[in-house]
Amino acid sequence: MVEERMGDCWSHTKDQFDNLEKHTQWGIEFVEKYNKFVKERSEIEINYAKQIRNLSKKYQPKKNSREEEESKYTFCRAFFTTLNELNDYAGQHEVIAENLTSQIFIELTRYLQELKAERKTHFHDGRKAQQYIESSWKQLESCKRRFERDCKEADRAQQYFEKMDADINVTKADVEKARQQAQMRHQMASDSKGDYSSYLQKFNQEQNDHYHTIIPNIFQKLQDMEEKRIERVGACMKTFAEVDRQVLPIVGKCLDGMTTAAESIEPKTDSQQVVESFKSGFEPPSDVEFEDYGQAMKRTVSENSLSNSKESKEKPAGKSKPKLWPFIKNKNKGSGPEDFSHLPPEQRRKKLQGKIDDLNKDIHKEMDQRDALTKMKDVYIKNPQMGDPASVDPRLTEIGQNIEKLQAEVQKFEGWLAEVEERMPSKSDSHRRSGLYEPQSSVAVSNNCAQDRERPLSSPDGSYTEEQNTETQVKANINPNPNPNPNPIPTTMPDDEEFDDDDEPLATIGTCKALYPFEGHNEGTIAVAEGELLYVIEEDKGDGWTRVRRNQDEEGYVPTSYIEVNLEPNAKGAMTYI
3 MVEERMGDCW
13 SHTKDQFDNL
23 EKHTQWGIEF
33 VEKYNKFVKE
43 RSEIEINYAK
53 QIRNLSKKYQ
63 PKKNSREEEE
73 SKYTFCRAFF
83 TTLNELNDYA
93 GQHEVIAENL
103 TSQIFIELTR
113 YLQELKAERK
123 THFHDGRKAQ
133 QYIESSWKQL
143 ESCKRRFERD
153 CKEADRAQQY
163 FEKMDADINV
173 TKADVEKARQ
183 QAQMRHQMAS
193 DSKGDYSSYL
203 QKFNQEQNDH
213 YHTIIPNIFQ
223 KLQDMEEKRI
233 ERVGACMKTF
243 AEVDRQVLPI
253 VGKCLDGMTT
263 AAESIEPKTD
273 SQQVVESFKS
283 GFEPPSDVEF
293 EDYGQAMKRT
303 VSENSLSNSK
313 ESKEKPAGKS
323 KPKLWPFIKN
333 KNKGSGPEDF
343 SHLPPEQRRK
353 KLQGKIDDLN
363 KDIHKEMDQR
373 DALTKMKDVY
383 IKNPQMGDPA
393 SVDPRLTEIG
403 QNIEKLQAEV
413 QKFEGWLAEV
423 EERMPSKSDS
433 HRRSGLYEPQ
443 SSVAVSNNCA
453 QDRERPLSSP
463 DGSYTEEQNT
473 ETQVKANINP
483 NPNPNPNPIP
493 TTMPDDEEFD
503 DDDEPLATIG
513 TCKALYPFEG
523 HNEGTIAVAE
533 GELLYVIEED
543 KGDGWTRVRR
553 NQDEEGYVPT
563 SYIEVNLEPN
573 AKGAMTYI
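Numbering-wise, the sequence shown is residues 3 to 580 according to the numbering used here.
Don't take every hint at face value.
Simulated crosslink set (DSS-like; lysine-lysine; CA at most 25 Å straight-line) [as the list claims (entries may be wrong)]:
(1) Lys-223 with Lys-130
(2) Lys-204 with Lys-140
(3) Lys-38 with Lys-230
(4) Lys-65 with Lys-357
(5) Lys-41 with Lys-240
(6) Lys-255 with Lys-240
(7) Lys-414 with Lys-353
(8) Lys-24 with Lys-223
(9) Lys-270 with Lys-74
(10) Lys-240 with Lys-230
(11) Lys-52 with Lys-38
(12) Lys-65 with Lys-363
(13) Lys-38 with Lys-24
(14) Lys-65 with Lys-52
(15) Lys-130 with Lys-24
(16) Lys-352 with Lys-363
(17) Lys-118 with Lys-38
(18) Lys-64 with Lys-357
(19) Lys-118 with Lys-230
(20) Lys-352 with Lys-414
(21) Lys-255 with Lys-60
(22) Lys-24 with Lys-118
(23) Lys-41 with Lys-118
Treat the hints as calculated values from the structure; they're not laboratory data.
With the hints as extra help, turn the sequences into a complete structure.
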């Protein structure tokens with residue numbers, strides 16, 4: 003019965019250890035799973051931050067002239083600020099990933115190793131205690147069996163002695179021998195009894211310690227370990243949230259920066275920048291005068307015939323309407339001439355002013371270098387051991403030459419700037435809105451064609467264009483006199499400026515009528531009066547100029563946009579230019 007009871011106790015204890023071993027192993031696996039979750043979250047934050055940084059970098063302005071152009075507009079600057087704030091925002095996600103790794107993943111990885119080692123120690127102690135008590139029980143059983151065996155042997159020896167002592171036939175020596183044997187057996191039984199009693203007492207003490215001290219202590223350690231594990235998981239979960247909470251103020255600042263950038267956008271300022279960028283500086287055309295086509299054509303021919311060209315040239319200047327700027331295509335669409343003469347007046351003025359500012363900055367830099375070298379030379383003069391004063395002279399001479407060159411360049415560009423500002427109309431004489439032409443009140447015409455005239459615009463590359471749509475050409479035929487403004491004479495000439503030296507004149511290929519007066523100051527051009535009829539001897543080759551003849555001795559180039567050309571049907575590429 004005792005053995006069965008002890009076996010049940012041991013089996014129950016072993017089952018308890020098995021249950022605890024399974025539960026603690028599940029707890030460790032849970033910590034490993036949570037640690038893996040934190041690691042994957044950290045990787046997601048890293049990848050997200052990388053993608054955000056790449057996105058910000060992708061849309062950052064390139065280092066070129068376009069960046070300077072875009073930086074003028076408030077909405078572009080707001081977008082650039084948003085990109086920078088987004089880059090900082092990505093940095094906060096990198097901070098989250100770094101803190102998750104350092105404060106949770108690495109710590110939990112180290113704790114898991116400690117937890118596994120501690121668990122292994124506790125269960126090892128439990129198994130060792132269980133093995134020890136089982137071994138003690140076996141020794142106790144061995145002592146008990148030996149005591150039982152010695153008692154039986156002593157009883158048999160006593161019975162044999164008594165039998166021998168009662169038998170008269172047995173010699174005294176045999177009786178004495180049987181008596182000694184019985185005494186020896188009784189002594190052995192007594193010794194076994196003492197050992198058994200002593201070990202029994204020891205076993206009971208060990209059993210009491212085992213079930214009341216050792217095993218409860220091991221279970222308590224396992225319980226403490228489990229509570230620490232759960233507490234550690236809870237702390238990690240709290241840190242998981244705090245890591246995000248810590249970056250919220252900086253993330254909020256990033257978002258506030260984006261909001262502030264968006265609120266700094268000024269539509270009116272940006273639209274004014276567009277106006278300043280594309281403002282041409284041209285005067286708007288004045289009212290279109292009514293032309294009476296009811297009179298006989300003969301009168302028009304007689305007043306503007308080829309034979310009366312001198313009279314046409316002597317018309318009072320007051321009767322000539324100011325001309326429109328001829329929109330001549332710039333052949334050099336790359337860099338353009340040094341004086342920016344291919345640009346409209348206002349744009350040319352800005353370019354020249356910008357060039358002067360850049361040159362002045364270079365002059366100041368050179369002057370600063372000169373002043374520094376002069377001070378260095380003075381130091382060398384006062385302290386020859388520090389250096390040779392003559393070694394600075396070549397550089398000073400070079401800087402002086404550079405300053406002279408730059409000052410000459412400044413004077414050159416200032417001269418061009420003064421010329422442009424002299425020719426530009428004053429603000430009181432211009433009626434412009436946002437740098438574009440405002441429509442003037444037109445004279446009432448039956449078809450109201452003046453209101454639909456196409457306004458002159460600049461091409462995107464800064465050169466002029468003379469392209470017009472078909473509707474505009476037809477309307478210009480009806481009312482071709484838009485009262486242009488007196489602007490500077492175009493400097494771009496066709497490739498073949500020189501006239502042919504052949505004695506035989508070029509053949510006439512058509513006629514033309516001057517829509518506006520042209521002064522023809524440049525070499526190779528010819529002055530024409532408004533309404534004058536001329537012969538066409540060479541059509542426009544795409545450079546914006548047409549070669550015409552007044553008589554046998556007078557011929558030259560006029561802007562194609564200033565005349566209405568009627569080529570003969572058999573002429574090459576016959577068409578009408580307006």
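Taking the hints in turn, this is what the structure says about them:
For the hint pairing Lys-223 with Lys-130, the CA-to-CA distance comes to about 15 Å; that is within 25 Å, so the pair holds. For the hint pairing Lys-204 with Lys-140, the CA-to-CA distance comes to about 13 Å; that is within 25 Å, so the pair holds. A distance of roughly 20 Å separates the Cα atoms of Lys-38 and Lys-230; the hinted pair therefore holds under the 25 Å criterion. Distance restraint check for Lys-65 and Lys-357: the Cα-Cα separation of roughly 20 Å lies within the 25 Å cut-off, and the hinted pair is therefore satisfied.
Note on Lys-41 and Lys-240: the hinted pairing holds, with a Cα-Cα distance of about 16 Å set against a maximum of 25 Å. Of the pairs offered as hints, the one joining Lys-255 and Lys-240 holds, with about 24 Å between alpha carbons and a cut-off of 25 Å not exceeded. As the CA atoms of Lys-414 and Lys-353 are separated by approximately 14 Å, the hinted pair is consistent with the 25 Å bound. For the hint pairing Lys-24 with Lys-223, the CA-to-CA distance comes to about 16 Å; that is within 25 Å, so the pair holds.
A distance of roughly 13 Å separates the Cα atoms of Lys-270 and Lys-74; the hinted pair therefore holds under the 25 Å criterion. For a cut-off of 25 Å, the pair hint linking Lys-240 to Lys-230 stands: about 15 Å separates their Cα positions. Taken as a hint, the Lys-52 and Lys-38 pair is honoured in the structure, with Cα atoms around 21 Å apart against an allowance of 25 Å. For the proposed pair Lys-65 and Lys-363, the alpha carbon gap of about 21 Å is at most 25 Å, so the pair holds.
At roughly 21 Å between alpha-carbon atoms, Lys-38 and Lys-24 fall within 25 Å of each other, so this suggested pair holds. The suggested pairing of Lys-65 with Lys-52 holds, with an alpha-carbon distance near 22 Å, which does not exceed 25 Å. As the CA atoms of Lys-130 and Lys-24 are separated by approximately 18 Å, the hinted pair is consistent with the 25 Å bound. Pair hint Lys-352 plus Lys-363 holds up; C-alpha atoms about 16 Å apart against a cutoff of 25 Å.
About 17 Å separates the Cα atoms of Lys-118 and Lys-38, which keeps this hinted pair within 25 Å; it holds. Distance restraint check for Lys-64 and Lys-357: the Cα-Cα separation of roughly 23 Å lies within the 25 Å cut-off, and the hinted pair is therefore satisfied. The suggested pairing of Lys-118 with Lys-230 holds, with an alpha-carbon distance near 13 Å, which does not exceed 25 Å. Between Lys-352 and Lys-414, the direct Cα distance comes to roughly 15 Å. Compliance with the 25 Å bound is thereby established for this hinted pair.
For the proposed pair Lys-255 and Lys-60, the alpha carbon gap of about 23 Å is at most 25 Å, so the pair holds. Of the supplied pair hints, the one linking Lys-24 and Lys-118 holds, its CA atoms being roughly 13 Å apart against a limit of 25 Å. For a cut-off of 25 Å, the pair hint linking Lys-41 to Lys-118 stands: about 20 Å separates their Cα positions.
Taken one by one, the earlier hints all hold for this structure without exception.
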